[in-house]
Amino acid sequence: ETFTFTACLLLPTATKSQISAVVSALLAELRLGHLSNTWCAKGLSGGEMRRVSIGLSLLHDPGILILDEPTSGLDSGSAFNVMQTLKSIAVSRHRTVVLSIHQPSFKILSTIDKILLLSKGRVLHHGNLSSLQTHLSSNGFIVPPQLNALEFAMEILD
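Here the sequence shown stands for residues 1 to 158, where the numbers follow my numbering.
Just so you know, these hints were derived from the structure itself, not from any lab. Each hint should be verified, as a subset may be incorrect.
List time: in silico DSS-like cross-link candidates among lysine-lysine, alpha-carbon distance up to 30 angstroms [unchecked claim]:
# : residue 1 : residue 2
1 : Lys107    : Lys87
2 : Lys87     : Lys120
3 : Lys42     : Lys16
4 : Lys120    : Lys107
5 : Lys87     : Lys114
6 : Lys114    : Lys42
Derived CB-CB ranges, DEER-like [to be verified]:
# : residue 1 : residue 2 : range
7 : Ser110    : Thr134    : 12 to 22 angstroms
8 : Leu118    : Ala28     : 46 to 56 angstroms
9 : Ile142    : Trp39     : 49 to 59 angstroms
The beta carbon of each residue, even a glycine, is placed where N, CA and C say it ideally should be.
Using the sequences provided together with the hints, build the complete structure.
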């Protein structure tokens, strides 16, 4: 119902059958189809609610999806599921997903293609995780084995 109502607002020229098709496809893409008759306020987990929020933003099929901390407040499993869903959307729809994230786990980093590391408004690194490792090494920093390059870079900045 939430998706259908929002789709009616965002897609005013679409027919009921077109809206139904868009909503069904989106629920499947977000892995929420089994919850289609569940009240959002009561029956959904935090990760499922986050995917609903993301889905509502996808109804008008934006070229770029910009999200502020989509994993904040979620347990590690739910956060990883959200990131997997975002990665899947980026790949299947050929879309760019830009997001801010604090303290990503190594598992979450595996879903991210490019990193933009900022400090005090300045770009410190733009590229993938392995190029960050190379950048740190070329500047005399050795990443400890218990940390990934991004965690180490963030520690240096603190």
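Results for each hint:
1. Lys107 / Lys87: The given pair, whose Cα atoms are some 13 angstroms apart, holds under the 30 angstroms limit.
2. Lys87 / Lys120: holds, 28 angstroms
3. Lys42 / Lys16: Roughly 27 angstroms separates the two Cα atoms, so the pair holds.
4. Lys120 / Lys107: holds, 27 angstroms
5. Lys87 / Lys114: It holds: about 12 angstroms lies between the C-alpha atoms, which stays within 30 angstroms.
6. Lys114 / Lys42: violated, 36 angstroms
7. Ser110 / Thr134: 12 to 22 angstroms: holds, 18 angstroms
8. Leu118 / Ala28: 46 to 56 angstroms: Since Leu118 and Ala28 have Cβ atoms about 35 angstroms apart, the given range 46 to 56 angstroms is violated.
9. Ile142 / Trp39: 49 to 59 angstroms: holds, 52 angstroms
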